[in-house]
Amino acid sequence: MTPSQLLDNLLSLILALLRYNVVLTALAIVLAFPIASLLALGRLSRYRLICYPIAAYINLLRSSPLLMVMFWTYYTFPMLVGGANLNVFYAALLALTAFEAAYFAEFIRTGIQSIHRDQRLAALATGLKPWQVFLYVIWPQAVHRMIPSLLTQSIIAFQDSTLASIIGLREVAQTTTIINSVQVKPIWMYSILAGLYLVLCLTLSQGVRRIERRTAKLLPV
Amino acid sequence: MGYEVQWSVLWDQPYRDWILEGLYLTIEISLIAWFFGLAIGILVGMLSESPRKPLVAVSACYVEVFRNIPLLVQLFFAYFVLPLLLPLHLRRYLYEIGWEWGSAVLTLSVYTSAKVTGHVRSGLNAVGHGLRQAALSTGLTWWQMERWIVVPLLLRIIVPNITTEFLTVFKGSSLAMAVGVMETTYMTQRIGFQSFRWIEANTVGTVVYLLLAWAVAILMGFVERKVRVPGLLQSGHA
Numbered sequence: 000m001t002p003s004q005l006l007d008n009l010l011s012l013i014l015a016l017l018r019y020n021v022v023l024t025a026l027a028i029v030l031a032f033p034i035a036s037l038l039a040l041g042r043l044s045r046y047r048l049i050c051y052p053i054a055a056y057i058n059l060l061r062s063s064p065l066l067m068v069m070f071w072t073y074y075t076f077p078m079l080v081g082g083a084n085l086n087v088f089y090a091a092l093l094a095l096t097a098f099e100a101a102y103f104a105e106f107i108r109t110g111i112q113s114i115h116r117d118q119r120l121a122a123l124a125t126g127l128k129p130w131q132v133f134l135y136v137i138w139p140q141a142v143h144r145m146i147p148s149l150l151t152q153s154i155i156a157f158q159d160s161t162l163a164s165i166i167g168l169r170e171v172a173q174t175t176t177i178i179n180s181v182q183v184k185p186i187w188m189y190s191i192l193a194g195l196y197l198v199l200c201l202t203l204s205q206g207v208r209r210i211e212r213r214t215a216k217l218l219p220v
Numbered sequence: 000m001g002y003e004v005q006w007s008v009l010w011d012q013p014y015r016d017w018i019l020e021g022l023y024l025t026i027e028i029s030l031i032a033w034f035f036g037l038a039i040g041i042l043v044g045m046l047s048e049s050p051r052k053p054l055v056a057v058s059a060c061y062v063e064v065f066r067n068i069p070l071l072v073q074l075f076f077a078y079f080v081l082p083l084l085l086p087l088h089l090r091r092y093l094y095e096i097g098w099e100w101g102s103a104v105l106t107l108s109v110y111t112s113a114k115v116t117g118h119v120r121s122g123l124n125a126v127g128h129g130l131r132q133a134a135l136s137t138g139l140t141w142w143q144m145e146r147w148i149v150v151p152l153l154l155r156i157i158v159p160n161i162t163t164e165f166l167t168v169f170k171g172s173s174l175a176m177a178v179g180v181m182e183t184t185y186m187t188q189r190i191g192f193q194s195f196r197w198i199e200a201n202t203v204g205t206v207v208y209l210l211l212a213w214a215v216a217i218l219m220g221f222v223e224r225k226v227r228v229p230g231l232l233q234s235g236h237a
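Residue numbers (numbering that gives the first Met the number 0), protein chains in the order written: chain P, 0 to 220; chain D, 0 to 237.
Treat the hints with care, as some may be off.
Computed from the model, here is a short list of chain D residues facing chain P with C-beta under 10 Å [as the list claims (entries may be wrong)]: (1) VAL64; (2) LEU84; (3) LEU87; (4) GLY138; (5) LYS170; (6) MET176; (7) THR184; (8) GLN188; (9) SER194; (10) ALA212; (11) TRP213; (12) ALA216; (13) LEU218; (14) GLY220.
These are computed hints drawn from the structure, not numbers from a lab.
Note that this is a predicted model, so its numbers are computed, not measured.
We put the CB at the ideal spot given by N, CA and C, even for glycine.
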């Protein structure tokens, strides 16, 4: 592979990565976070009618492979709503959002349960309404404690976004395969792909580790 | 609308056999990968106990490299690139025995082992310095301390993490379809395309993974209760 070809291919991969994987992951995380907060709250509800279905949803999503979830959103749901075709990007986004929401919800629930119950009682005693107690006192602390776990899960989501190539999204892994099928340089192409992900995710996870140390120090009593 | 769910479709041939073949491959790949992942992971993790600095670095790098590259990318690398690096006769041999299956098992084993290595490394921290010093002061040699004190305790400490990885390995095996291994997810898609019975096909695929997860949870829950270290607070795997 000539240097200019190498640069060309690298650029195509980076472009595909930015345009699909990064956008897909970012949107999925942003959408999944509020959903997950509600799920976590509902999961801890004392009403069985709320708590059980949510627990079922979380466990179902956490025990199925992401690929299976993508099959549901891409092949199956469109059939249920009258055969309309769902754009593959939105299908992948829907799957990744639903999937990550279940994982985030468990982290947020763990965070909520780690807050001492006296805090809730004290907040209620100051006259705050229950929803205010949750929104202003419990939830921010729960999220703060779980930030490292949530970020680590987000990095996994970024890695998992490559699975969208299997249902046909032209993201970075599929772009690699397409370029390779024309130029037939598998060693080069797959090394670039692996290297790209390694550098990005290594940087991100080192960043998370730094945040983790800081969070551990700041952990409120 | 007009879609009528017919579960009986799944019982018709060839779909019934496809489902069973897929299930068999999913279980086979996952169990082999889990076994090797565990074995390699514990060995590489133990390297970080070594007094030699380079070996400790190898163990740390191993975790970082395989954890930070997506499983699918690793699989493509193993499937498309690895045979090219081998001599011709070995490459032919690989293709003859079916490298789809081999690359899936290899990738999944290595990926799992990297995660296990990570757990072993933090487990070794949890064993603690005091216990090691106490062991040495009773007159045990370094090797005896590792063999009789550290490793048995370590294995019991990391059981909950190993449960999590066991669950992950089943989910990870679904990626093998990307290189053409006909496991459960592949068969789900095959039935879907063949019959356009997507709802039935996807339901049975999802249920298969759900049941496998349950089986693992029950089995490992039993193991966890058996080997729990008394007096040691164990973090669950919620």
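Checked hints:
For the restraint placing VAL64 of chain D at the interface with chain P, the shortest Cβ-Cβ distance is roughly 7 Å, inside the 10 Å limit, so the hint holds. At about 8 Å, the closest approach between the beta carbon of LEU84 of chain D and any beta carbon in chain P falls short of 10 Å, and the interface hint on this residue holds. The restraint placing LEU87 of chain D at the interface with chain P is violated, with a minimum CB-CB distance near 15 Å, outside the 10 Å limit. Hint status for GLY138 of chain D relative to chain P: violated, with the closest Cβ pair at about 37 Å, above 10 Å.
The restraint placing LYS170 of chain D at the interface with chain P holds, with a minimum CB-CB distance near 4 Å, inside the 10 Å limit. Interface restraint check for MET176 of chain D: the shortest CB-CB distance to chain P comes to about 7 Å, inside 10 Å, so the restraint holds. Interface restraint check: THR184 of chain D against chain P, minimum CB-CB distance 5 Å, threshold 10 Å, status holds. Restraint check, GLN188 of chain D versus chain P: the minimum CB separation of about 7 Å is within 10 Å; hint holds.
With its C-beta approaching chain P no nearer than about 12 Å, SER194 of chain D sits outside the 10 Å limit, and its interface hint is violated. Look at ALA212 of chain D: its Cβ gets to within about 4 Å of chain P, closer than 10 Å, so that hint holds up. For the restraint placing TRP213 of chain D at the interface with chain P, the shortest Cβ-Cβ distance is roughly 8 Å, inside the 10 Å limit, so the hint holds. Taking 10 Å as the C-beta cut-off, the interface hint given for ALA216 of chain D holds, the closest approach to chain P being about 9 Å.
At its closest, the beta carbon of LEU218 of chain D sits 14 Å from a beta carbon of chain P; the interface hint therefore is violated under the 10 Å criterion. Violation of the interface hint for GLY220 of chain D is found here, the shortest Cβ-Cβ separation to chain P being roughly 14 Å, above the 10 Å cut-off.
Hints 3, 4, 9, 13, 14 from the earlier list are contradicted by this structure; the remaining hints agree with it.
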